[in-house]
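Engineer: Full structure from sequences and hints, please.
If you're matching positions, the sequence shown starts at 1 in our numbering and goes up one per residue.
Just so you know, the hints here were simulated from the structure itself, not pulled from any lab data. Since the model is a prediction, treat every value here as computed from it, not as a measurement. Keep in mind that a hint or two might mislead.
As the list claims (entries may be wrong) - What follows is a set of in silico ranges between Cβ atoms, one per label pair, in the way DEER data are often shown: (1) 68 <-> 4: 24 to 32 Å; (2) 2 <-> 65: 17 to 25 Å; (3) 72 <-> 11: 17 to 25 Å; (4) 11 <-> 62: 29 to 37 Å; (5) 1 <-> 88: 30 to 38 Å; (6) 58 <-> 2: 15 to 23 Å; (7) 73 <-> 96: 14 to 22 Å; (8) 62 <-> 21: 15 to 23 Å; (9) 59 <-> 89: 27 to 35 Å.
Claimed, not checked - Below, simulated DSS-like cross-link-like pairs (lysine-lysine); rule was C-alpha separation at most 27 Å, straight line: (10) 15 <-> 77; (11) 90 <-> 10; (12) 86 <-> 6; (13) 77 <-> 90; (14) 86 <-> 15; (15) 6 <-> 77; (16) 10 <-> 77; (17) 10 <-> 86; (18) 90 <-> 6; (19) 90 <-> 15.
Ideal placement from N, C-alpha and C gives every residue a C-beta, glycine not left out.
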Amino acid sequence: MAQWYKITCKSCDYKNELILGSTITSESLKDLNEDAADFKIFECRHDRELFTIDVHGGDFNGRCPVCDGPVTEMSIKDIDQQSCPKCNSKALRIEPVVRM
Numbered sequence: 001m002a003q004w005y006k007i008t009c010k011s012c013d014y015k016n017e018l019i020l021g022s023t024i025t026s027e028s029l030k031d032l033n034e035d036a037a038d039f040k041i042f043e044c045r046h047d048r049e050l051f052t053i054d055v056h057g058g059d060f061n062g063r064c065p066v067c068d069g070p071v072t073e074m075s076i077k078d079i080d081q082q083s084c085p086k087c088n089s090k091a092l093r094i095e096p097v098v099r100m
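Structural biologist: In C-alpha cells:
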C-alpha cells in the first residue's frame, strides 16, 4: 500500500512530502489493472533533490525527469543516514504523513 512521508532536515529548512509504495493489490494483479503504480524515492545526483517516481509506469527511464541526470534509489530505512540534498548535513528525518 502506498504511504506519504514527510522528509525534513534538522539542520536547515529542507522539507518534502513524497509517496512510497505500491497501489498494486492482489485484485489488480488478477485484473491486470493498468492504473496500478509502484512509487519509489530517488535522489538526483546532479540537482541534489529527492523525488518520487512510479517505476511501474512507462515514463521512467532510470534518469532524473527534470535534468536527465543520474539518480539513486533511496531506501526508506536509510534516508535518515543520507545527506540532506540542500545543506549536505546528515540530519534528515522521515515520518509518515497521516491524512484524514
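Engineer: In ascending order, which of the hints set out earlier in this document are inconsistent with the structure?
Structural biologist: Going through the list in order, the structure violates no hint and respects every one.
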